[in-house]
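Undergrad: Keeping their order, the protein sequence lines are chains A and B.
Counting with my numbering, you get residues 1 to 408 for the letters of the first sequence.
Counting with my numbering, you get residues 1 to 408 for the letters of the second sequence.
Be aware that one or more of the hints could be misleading.
Claimed, not checked - DSBU-like, lysine-lysine: derived pairs with alpha carbons at most 30 Å apart: (1) K179/B to K157/A; (2) K133/A to K24/B; (3) K78/B to K179/A; (4) K133/A to K179/B; (5) K133/B to K179/A.
If you are wondering where the hints come from, they were derived from the structure by calculation, not from laboratory data.
In case you want the letters, here they are:
2 protein chains.
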Amino acid sequence: MIRIKDSTMDNFTYCAPTRILFGKGTIPAIAPHISAHGVQRLLLVFGGGSARRNGVYDALTAALRAAGILWDEFWGVKPNPSLEQVNAGIAKARVFDAQGVLAVGGGSVIDCGKAIAAGVHLDDYWTFVETRKPAERALPVFAVLTLSGTSSEMNDKAVITNEAEAKKWSIGGQCLAPKVTAIDPQVQATLPWSLTASSGIDAMTHVMENYFRGRPATAGNSFFREETQLQINEALLRSIVLSLNALQKDSASYDARANLAWAACWGLNGMSVAGLSSGDWTSHALEHALSGLFPHIPHGAGLAVLFPSWMEEVYTFAPDIFARFARNVWGISCNPADPASVLEAADKGVTATRAAFSGWGAPDNLSHWGVREEHIPVMVQNAYSYRALGRLVPLNEEQVTRIYKRVL
Amino acid sequence: MIRIKDSTMDNFTYCAPTRILFGKGTIPAIAPHISAHGVQRLLLVFGGGSARRNGVYDALTAALRAAGILWDEFWGVKPNPSLEQVNAGIAKARVFDAQGVLAVGGGSVIDCGKAIAAGVHLDDYWTFVETRKPAERALPVFAVLTLSGTSSEMNDKAVITNEAEAKKWSIGGQCLAPKVTAIDPQVQATLPWSLTASSGIDAMTHVMENYFRGRPATAGNSFFREETQLQINEALLRSIVLSLNALQKDSASYDARANLAWAACWGLNGMSVAGLSSGDWTSHALEHALSGLFPHIPHGAGLAVLFPSWMEEVYTFAPDIFARFARNVWGISCNPADPASVLEAADKGVTATRAAFSGWGAPDNLSHWGVREEHIPVMVQNAYSYRALGRLVPLNEEQVTRIYKRVL
Chain A
1 MIRIKDSTMD
11 NFTYCAPTRI
21 LFGKGTIPAI
31 APHISAHGVQ
41 RLLLVFGGGS
51 ARRNGVYDAL
61 TAALRAAGIL
71 WDEFWGVKPN
81 PSLEQVNAGI
91 AKARVFDAQG
101 VLAVGGGSVI
111 DCGKAIAAGV
121 HLDDYWTFVE
131 TRKPAERALP
141 VFAVLTLSGT
151 SSEMNDKAVI
161 TNEAEAKKWS
171 IGGQCLAPKV
181 TAIDPQVQAT
191 LPWSLTASSG
201 IDAMTHVMEN
211 YFRGRPATAG
221 NSFFREETQL
231 QINEALLRSI
241 VLSLNALQKD
251 SASYDARANL
261 AWAACWGLNG
271 MSVAGLSSGD
281 WTSHALEHAL
291 SGLFPHIPHG
301 AGLAVLFPSW
311 MEEVYTFAPD
321 IFARFARNVW
331 GISCNPADPA
341 SVLEAADKGV
351 TATRAAFSGW
361 GAPDNLSHWG
371 VREEHIPVMV
381 QNAYSYRALG
391 RLVPLNEEQV
401 TRIYKRVL
Chain B
1 MIRIKDSTMD
11 NFTYCAPTRI
21 LFGKGTIPAI
31 APHISAHGVQ
41 RLLLVFGGGS
51 ARRNGVYDAL
61 TAALRAAGIL
71 WDEFWGVKPN
81 PSLEQVNAGI
91 AKARVFDAQG
101 VLAVGGGSVI
111 DCGKAIAAGV
121 HLDDYWTFVE
131 TRKPAERALP
141 VFAVLTLSGT
151 SSEMNDKAVI
161 TNEAEAKKWS
171 IGGQCLAPKV
181 TAIDPQVQAT
191 LPWSLTASSG
201 IDAMTHVMEN
211 YFRGRPATAG
221 NSFFREETQL
231 QINEALLRSI
241 VLSLNALQKD
251 SASYDARANL
261 AWAACWGLNG
271 MSVAGLSSGD
281 WTSHALEHAL
291 SGLFPHIPHG
301 AGLAVLFPSW
311 MEEVYTFAPD
321 IFARFARNVW
331 GISCNPADPA
341 SVLEAADKGV
351 TATRAAFSGW
361 GAPDNLSHWG
371 VREEHIPVMV
381 QNAYSYRALG
391 RLVPLNEEQV
401 TRIYKRVL
């Protein structure tokens, strides 16, 4: 094999096999795909009931009926879906002898659907989660997306909260990737702004968790080691920002809904991390520890508070990529040859991020959710219980404590 | 279903299920994937022999041997692979009773491998191409990429030239998408610059064929109907430009090879066209007519000549998107509120594209390949034989003639 001079971009594997049916009126089109996968008995998994109000339930079940598919229904999946719900869903799928799962909702519902699909083949769901192994078998998963943000519609992961142990842990595995997902942005037109904003911020943080691992190919160079992926990630971030700004003015704009949905889909489907050394993911670990203890905190809202605090903690360790972020996402210029200018731009990028999140009405502190200083040590311990924190910069408990405390 | 105000982005289906093994030393890793797909007898398809010189052949066959896979070899696929070669490959695959095809090369070799994989199930390959139907069955296809540009490594299409009829036509079909592709950018380190440049330009034109269908969401708005996709496409274009500039100085830069390879992969795998109304693809039709008649013309080099001429022919019909392209790819600013400024920027964007292609050493005229004025009517007829030309702007024969003549 040929010797090459500089070898710096990380190796990676990319595979996102989900077929996406995107656009107006695409929900009924999923039914023939379900049949084509040989599924005749289907468990439908829903959230709190919005699918009945926005017409999705009627459109979908008419199409399933026309395709000759039998189904049972599991309703009531809540944000931060719980192990109890997963176990109840598994029991229902077994009784019905389901051959596939169709999740209708946002990331929480789809995650719960995936966990059920894997769980029917397991003795005990949580025991398996604790092994941290990828799932090898699952019923085929399908999805109809009604809230964009998590990428669960196009990835092979599910996050479930064990409330008794205050642990919000994920499982993965190729078999969990939805075979087909229908995304009709029209059904998101009536979502409340706060949910739109926090879900959009969630999608941004998925991209950002990976983005900040980017490094200049050579010091002072404008060409980065993972140039293509950084460019794509910036593209996703800019489009989410533009879409959210447009939706804040007009929540029914189809184009803004569609562009937000399409960008969010790519935030966490394996794309945004390509070559970027598994990303950092400290903020997500901290949010999981937070909402593990306070399950009523929306995932995206928790991240909106924690992510800028993480940025503030670490940007001095990797000013080049933070300055690039400031320039290419927020239009903050700097002189790349002057370290002081780079550092200043990096700092301004953190401020701009916090300002954008606040401008969209996201919370900027933990106290209003009832989090108090005494909870922080518990969350710090919990955050470390899954793995060591800080891939970009290894973080000790003192630093992690500061990230929470800064936004208390 | 909810009524929404402005509904403009096109519906689309996206599916690119190929598993990509990307990075240094990933070629042997494909062997266990081939076994996992149940393939024990494999037809290897190669180009002219570079795989023997750059170590790919040895690394790959050692891995196949270790995985217990038997193989036969089909060598000599040329650029613009011919129907004759496809038929010879089909015969070889049948005699060997191949259960799968592994193409080792650039887009031509992979296209030929796909055609062979589909062809073993067909009575006659070209008769099927003429039906313009998608292929329904094919042997599983695998690929080891040694020249980035076409995206064939991650898409479900193959273009084959029927030299007797001077037709360069494609087939498609889900079953043609490679199951797994290994991309080790190291093996491209010794490619001649002209081939690197023309292949990179080829990848750019794939993105650009789709890009120019973008439209402002509302007139004078900076937010476009397909904002996410345009942002991503600009990201791909910028990264290819940066990578080519870096490779022109240092053809062995791993980072530049890797970023070019990763960006090119996304040029034509179904991503760059999402929401963009099937793209335009006039320049490709014109290039196919050109290299159908002159099979020695490299595809990317033909496009480097024709694409700017197409741009010049049509930019006045869609100045907003051409001005956006000029700004976001070449840094040419304009005042979006002033139509004259928009038109001027659009024009400068065409000039900048031509200048970049020339700066990379690409040809800027057809004459030096022996094309003369008398060939133009034949090429025009051939270009129209597949379909009407001009989705962005419908083009008549006079306009198409002008596109060829401008760069004669």
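Undergrad: For each hint, tell me whether it holds in the structure or not.
TA: To see whether the hints hold, each was checked on the structure:
no.	hint	result
1	K179/B to K157/A	holds, 21 Å
2	K133/A to K24/B	holds, 26 Å
3	K78/B to K179/A	violated, 37 Å
4	K133/A to K179/B	holds, 24 Å
5	K133/B to K179/A	holds, 24 Å
Figure legend: structure checked against the earlier numbered hints; the only hint not met is number 3.
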